Each structure stands twice: as C-alpha cells, then as structure tokens.
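**Student:** Residues per chain are reported as follows:
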Amino acid sequence: MRPHEAPRRLVPRAVLRAELRMAGLLFLLFLIHLAEAFFTVPFRGHESSVQNVLYGLVVTAPFNTVLAVFVLSVRRDLKGRG
Amino acid sequence: MRFESWVLDSILFVFFFLILREGRIVLGRQRTSLFLWGSILWTGTIENVMVALGGYDYFAYANYYRCGGRVIEGYGGWFAFLLFVPLCICLGWFLLSLPAFVISDRLLRDRSVWLKSAFAAVALVSFDMLLDPISVVNEWWRWTSPGLYFRGVTVSNYVGWFFLLFFFGAVFERTVVRQKGFGWLAFIEGVLFGADTSDLSDRDMGFVGKVFYFRLVAFLPVFFVCCTTVAAAVTLLFANNLGPFESVFPNSAFTGWIGKP
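Top line first, the protein sequences correspond to chains A and B.
Heads up: the first sequence runs through residues 572 to 653, numbered per my numbering.
Heads up: the second sequence runs through residues 33 to 293, numbered per my numbering.
Keep in mind that the hints were calculated from the coordinates and are not lab data.
Incorrect hints may appear among the rest.
Unchecked claim - FRET-style restraints, in silico, Cβ to Cβ:
1) A/Val624 <-> B/Asp234: 49 to 57 Å
2) B/Phe225 <-> A/Ala606: 43 to 51 Å
3) B/Leu268 <-> A/Arg652: 51 to 59 Å
4) A/Ala585 <-> B/Leu269: 31 to 39 Å
5) B/Asp236 <-> A/Leu591: 29 to 37 Å
6) B/Gly215 <-> A/Val629: 19 to 27 Å
7) B/Arg102 <-> A/Leu625: 32 to 40 Å
8) B/Ala265 <-> A/Ala606: 32 to 40 Å
9) B/Leu268 <-> A/Gln622: 24 to 32 Å
Remember, predicted model here, so these are calculated numbers, not experimental data.
Backbone N, C-alpha and C define an ideal beta-carbon position, used for all residues, glycine too.
If we strip away everything but chain A, and leave its shape as in the complex, we get (with noise of 0.2 Å):
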C-alpha cells in the first residue's frame, strides 16, 4: 500500500463522511451564488432578478446533477459499512 493511498483505506468511514461534506460545500456555495444572482442586477440580456435564477438553475443543471449522483454513491457506500 502506497503512504498516499492511507486515508482511504484506514478511515473509510471517515472519508466518506469528508467527501459528503466537501459536496455539502459545494452545493452551499452554488446556493450563495445563486442567491447573489437574484439580489444583483440583472445580467446583460436579462431583464429582472427572477431570470437570472432560473438561468442560473439551468447552466448548473449537469453540476447540481453529478453532485447528486455523488452524494448517493456515497450514501449508499456510507449505509453498506454499517
């Protein structure tokens, strides 16, 4: 076993639990972002607040998708270790 490949090893539950809350952050600051698209101004070609957010659901459509399908494989992996 390589030094580098420890902690996933050793402390599985450990790093799962650390992946879920690195996809917790991330999905947080999409979150801060989005709520900052719809307190600023509208964005060039956009004409309120209201469109900037659904645009924004919209480009983030793949991301928030994967972050999902991430959160449950590791859910799941989380629930098969007891």
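Position chain B relative to chain A; hints supplied.
**Tutor:** Chain B only, in chain A's frame:
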C-alpha cells in the same frame, strides 16, 4: 444591488479553507498539498498571461472600490494579488476543481484519465456559467477581448475553464495518483531527473511532486494551443465582436490577428 469584490474575496477564502480541510481527509495531506500548489502554479501562470495579453482584467487599480458608499483609498478591490490576478481567483479554482476531481474519481473510478478529466471539467464549466455573469454585472472582472458573448461573458472563457481542469486533472491523476508517465515527456524527464519516470510508485512524494510541477509547466503550451485554437475557431465562425470594454493592457494579441470587426 451591487456586491463589491471583497464579498467574493471573503466567500472564496472561507470556502478555500473548508474545502482544503476536507480535501486533506479525502485525498491525504500530501496529495492535497500537491493539488493546491499545482493549482496556484497552473492558474496563476495562465491567468496572468491572459490578463497581460489583454483578454480580461480584474480592475486592479487602487481607489476604485467602495464600502458604505465611500471610496476606499489605495484599495485595489482584492485582499491579495498574484501579480495581475487576485489570489482568491487561484484559490477559488482550487476549491472548485478539487471536489470536481474527487467526484469524477468516485463516479468513473478506473476509466481513462482523459475521460475523468473531461467529466470533471464539464461539471466545473457548468458551475462557472453561473459565477461569471454575476462577476460581470458586479464588475469583479470584465472581458475585453473579441469573441462570442453570452450573458456578458465570452464563450472562450468557458473553453478556457474546460481545458484548465482537463489538462490539470489528467496530469495530476496520471502523475500523483496512478504514478505513471507521459510517453512524449519520457526523454526530457530522463535527462532532467536522471531517472526513469514512467513508473513513480517506488519514489517518495517529494520526487513525485517535482515531476508533477514539471509536467504542469510542460503542458502549459499544450493548454494555450488547444485553448487558442478552439476559442479562435468559435470567434471566427460565430461572432467577432469586440469586448465591451477596453483593457488596461493593450490587447493587440487578440484584436491583431483575429481582426477588428
């Protein structure tokens, strides 16, 4: 309502430390450290080159920013600069790309490093498509180069974001995680390091780190060629609009060869 750049600065610094903490648990201290310093080397170099060429700028001049309606004397708008680029931009890239890398590593476990990097890069671009228009209307940075503009942001920016993580992720995974080599760099690495770098599994992380940083530098021209080719093709094929602003740097590198419309 306009958010000043120090708001983004603060958010990115806080999230940087939080993601760094989790990253050290997930990837291990040494690999996260290499990812961090590699990110700063990679993005710091590329961003500074792009700014110096006049592609965009970060309003890096004092007496521009306000707090409570008053100009802050001598303040350039960002807590710290790495030459022409705010430090938080490099750290922000790290805090987004590290989780993207971790996500692609989990979901595509043993697939090709290029496929995993492309997957992570697409997720990163998706996130940036929300962040960049916010930055433009809040004047955190501005685009000054000719290009196809979408919500105030040139599409070349997203091309750049894609290739940033595409190449960085592939080099990191191949070098630090799988500890293998790149065939086209084998000869020069043999001369530079005096060792066979096609298999780094028996080497200590200090040596792996040196090889990793060297490979990042070696991939810089590859990044610029790919990025410029795709971005120029998009600009020439679909639009050739000048940027909405004049850069503080002469941007003849863009307008010179693409041609003013």
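**Student:** With reference to the structure, classify each hint as holding or not holding.
**Tutor:** Now for the hints, and whether the structure bears them out:
no. : hint                              : result
1   : A/Val624 <-> B/Asp234: 49 to 57 Å : 53 Å, holds
2   : B/Phe225 <-> A/Ala606: 43 to 51 Å : 49 Å, holds
3   : B/Leu268 <-> A/Arg652: 51 to 59 Å : 54 Å, holds
4   : A/Ala585 <-> B/Leu269: 31 to 39 Å : 50 Å, violated
5   : B/Asp236 <-> A/Leu591: 29 to 37 Å : 32 Å, holds
6   : B/Gly215 <-> A/Val629: 19 to 27 Å : 41 Å, violated
7   : B/Arg102 <-> A/Leu625: 32 to 40 Å : 35 Å, holds
8   : B/Ala265 <-> A/Ala606: 32 to 40 Å : 36 Å, holds
9   : B/Leu268 <-> A/Gln622: 24 to 32 Å : 30 Å, holds
The structure does not agree with the numbered hints 4, 6 stated previously, though it agrees with the rest.
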